[in-house]
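Starting from the given sequences, assemble the full structure and let the hints guide the process.
There are 2 protein chains.
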Amino acid sequence: MLGLMQDQPLLISSLIEFAERHNGDGEIVSRRVEGDIHRCTWRDIASRAKQVANALDGEQLLFSDRIATLAWNGYRHLELYYGVSGSGRVLHTINPRLHPDQIAWIANHAEDQILCFDLTFLPLVQAVHARCPTIRKWVALCDADKLPADSGVPNLVSYESWMGSQPAEYEWPSFDENSASSMCYTSGTTGNPKAALYSHRSTLLHAYAAALPDVMHLSARDSVLPVVPMFHVNAWGIPYSAALVGCKLVFPGPALDGKSVYDLIEAEGVTFAAGVPTVWQMLLGHMQAGGLKFSKLNRTVIGGSACPPAMIKAFQDLYNVEVLHAWGMTEMSPLGTLCTLKNKHLSLPADAQLQIRMKQGRAIFGVDMKIIDGDGKELPWDGKAYGDLLVKGPWIVKEYFKGEGGDPLIPDERNRGWFPTGDVATIDAEGYLQITDRSKDVIKSGGEWISSIDIENIAVAHPAVAMAACIGVFHPKWDERPIIAVVKKPNAEVTREELLKFYEGKTAKWQIPDDVVFVEAIPIGATGKILKTKLRELLKDYKLPGL
Amino acid sequence: MLGLMQDQPLLISSLIEFAERHNGDGEIVSRRVEGDIHRCTWRDIASRAKQVANALDGEQLLFSDRIATLAWNGYRHLELYYGVSGSGRVLHTINPRLHPDQIAWIANHAEDQILCFDLTFLPLVQAVHARCPTIRKWVALCDADKLPADSGVPNLVSYESWMGSQPAEYEWPSFDENSASSMCYTSGTTGNPKAALYSHRSTLLHAYAAALPDVMHLSARDSVLPVVPMFHVNAWGIPYSAALVGCKLVFPGPALDGKSVYDLIEAEGVTFAAGVPTVWQMLLGHMQAGGLKFSKLNRTVIGGSACPPAMIKAFQDLYNVEVLHAWGMTEMSPLGTLCTLKNKHLSLPADAQLQIRMKQGRAIFGVDMKIIDGDGKELPWDGKAYGDLLVKGPWIVKEYFKGEGGDPLIPDERNRGWFPTGDVATIDAEGYLQITDRSKDVIKSGGEWISSIDIENIAVAHPAVAMAACIGVFHPKWDERPIIAVVKKPNAEVTREELLKFYEGKTAKWQIPDDVVFVEAIPIGATGKILKTKLRELLKDYKLPGL
Ligand SMILES: Nc1ncnc2c1ncn2[C@@H]1O[C@H](COP(=O)(O)O)[C@@H](O)[C@H]1O
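Residue numbers (this note's numbering), protein chains in the order written: chain U, 12 to 558; chain G, 12 to 558.
A hint or two may mislead.
Remember, identical chains collapse to one label, so a pair may be satisfied in a single copy or spanning two.
Within a straight-line C-alpha distance of at most 27 Å, the following computed DSSO-like cross-link-like pairs (lysine-lysine) qualify [claimed, not checked]: (1) Lys304 x Lys355; (2) Lys270 x Lys355; (3) Lys403 x Lys540; (4) Lys304 x Lys455; (5) Lys520 x Lys554; (6) Lys148 x Lys545.
If you are wondering where the hints come from, they were derived from the structure by calculation, not from laboratory data.
Structure (structure tokens):
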């Protein structure tokens, strides 16, 4: 017997409809590519998203056709989020930090029909347009008078002239909530990129979950700054959850340096910001240099790479900002776990609480997780046993777009499929996850595993270290031994010996790196993560001392 | 094109599975009918819910068979919530405050197969069992040795002997998320009761929404006391949302007097409690008498009837407890709106904030609402225009069980069905709802409407008034004029003239009641709401002064 509740599909259009009706004058503030600050409201976004939908209808686009973006975080990008998905097309956000060859490959693989881009990325568009035959129109996210006259790109129009003349009335269509809404290619380090294809249902469930008090804790009282890009896993879902709660949204545009981010946080009363550790490093550097404080920021979610404990402590002790350590991935929409305390932890001393906060956190309802050994056997949740991390849930992929890479899921004894994350982790008795490594970055020394993240976290806690990356190098006796590549802070000094000494007492002796390599920079990938493959390549002629 | 996310139905069993795996030792504390305090954990609830499921399987019950409860809030009731719905049966919570004739009628209409009851309700069971032919087993929620020997009820077993011997292993079945999960009959004042039939999907979406920061704001750090009964609209969904967030749960059992509730709040570090105004009135009375304070309680959600502003102020000013004024109904699972501020309100002075807090609040994402005039035309959101309130959303009924009452929905121009709530309300430009009345309680005086709620709110703000109810009585010139029935506080005095004088300046002159009728008690219905039909009956021989 079925229940007798109203049949209402979970559609992305209902988010923008809700924001329009119930939080119409909530503010959307954007730093633009042009450099100025733009202000509008949820009501404006809603009516302009309808103009976008009308413009797309005018292009004779079919249901599920892909519309690509190469854009920073800003109001026009937000309009596309709703106009494209709301009208039944698929929003394909492309990471502009990828190599032009990869961008062309991705656009062809996705069969993008239209590509909308910030003028920052005109050179990229000029480099790839001839190789993207499926794209029939290039839309520059600017006013008509900003459109470059001689770009050499055919079928180029300005966004404002393209959608600006369209009516702002539009009846959002209703359809199967399992329909595709958006897609994002993973920064796959091996082989061709593969795309996660999100649905309206998965996006809405994720939007509810992401706003929960134990997740991003979003309310109508917040002013929210997503520094995480809208071109990577939908800025962790913030554009959707923000409409769901009707908060103020603040977009940083292309200006991600410490000063620009700090100024925006202060000017717009930002209460909550989201970003990866590398961006926060710049912000903290700027604040420390200037002796600055936050006036309203009270919490930040940090993920994408392990957040060094030193950063968690700095935010907490120096700035009174709660760090919510998060873990997720493109294939997970992206949120998997988030670190908040439980009722029983409230009476613990501050230091014990900090120990918990350093982990990647607990599963969000909707996500289940487990760790398995090499034989697929589930490992205990004791905070010690580590193994391959598997996940399942309604906002986790079951396969990739066009079936690339085959069926990734691993069935359990009840024949439920689990997605292998490629991460290695422990889970403790309370359900707190700790990522020890990407499985391909784990260092195997004498039959034991060393977590490269642990080794890096110790190095960056040293006051002279700006960034650190640990890799394993060949050793005839131990198979592999860890070394640490280090970028020093400007004007700071530390020697190899001092840093190795710094490890003593902080980790087991046999886990201390065999060597320190000082470098000018550490290669960072398109999503802000350290590129260890690249680092290994750079250090391929390196030999351990004494060998 | 469909998205490629994992297909995972939204099932109630996934809530208890999640609580078991991720918050297994979260506490469940219950004051029992026996009088003592019982302690267990989410893990215990999960394994005992599996025992219940096995016991139900053993009874050869079919998918969707109804299992009824007549029970207070407690751990065994919680086990039934999960064991019954999780195994695919429908949990039918019966309100024990109904008349035995109504209970028998309801049990027959629902075709209940098994009825589980707290021993408090044995006399009720004895009164109705012979009239309930579909019920094949009566399960007393007690240990085997507490079972009365000569109850006269055939097929009576104790819960512990019935489920206690079952294995705690059970594989929760997977099925269509639109399947019926539970049902609740409305306290319909006219005609036979009608049942809302909830689904797994509607329950899970409501569970996500109810936990949001702008709704009940539930996290794993909370200790939650649902004083609202599990026999009425699933205690506002708290048993589900609590599993979703893994908080501590505290059940009051049958002891709802001020002292018992206060003692439990303090002993169990309750941070959040939910109840109707009449119960909170008892709590506040107890606290005022004893000069007591709360040590951890920081917020409470109050709904079910309009919360008098005086109560909101008392909680806030005297006890530093935030009142979240909520509105909903059985047909809405039940949450519709909840009153929290927006970002733009944070800079308002305290008094202006309080003015907002007195309204019933803003729609929760998932719910949409509108007000219409007598011709079905949508009215403006200006905080002044009032009309019939209509709602729609995935946790709102589309029709009643067995089609009782026909198709209640009212289609709009896009042919989407809206449920008429029977309430009359205003909505302001910010989307804040204010209920002015039940449509059948509105007083029509000289062509104008008077809100009985407004008139009552003023009366209960008088220090000598414990409870007040306003009804309209016949008047030859004005059609109707309001009078106010008042129960005085113990040992407090106020005269008719003093109370009428108290209205001056607080409302328009023509809205001031024509008379005050002092009464010993005001009739309260099974869900804690004033029964105006009954009051009108009691006062049927009343005549306005001077007529
Ligand atoms: N908090 C975190 N700590 C450690 N690694 C993380 C964290 N968050 C994300 N990652 C890594 O980033 C991967 C996902 O990358 P992406 O799909 O590009 O978002 C995960 O599989 C992890 O390896």
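Legend entry - Which numbered hints fail: 4, 6
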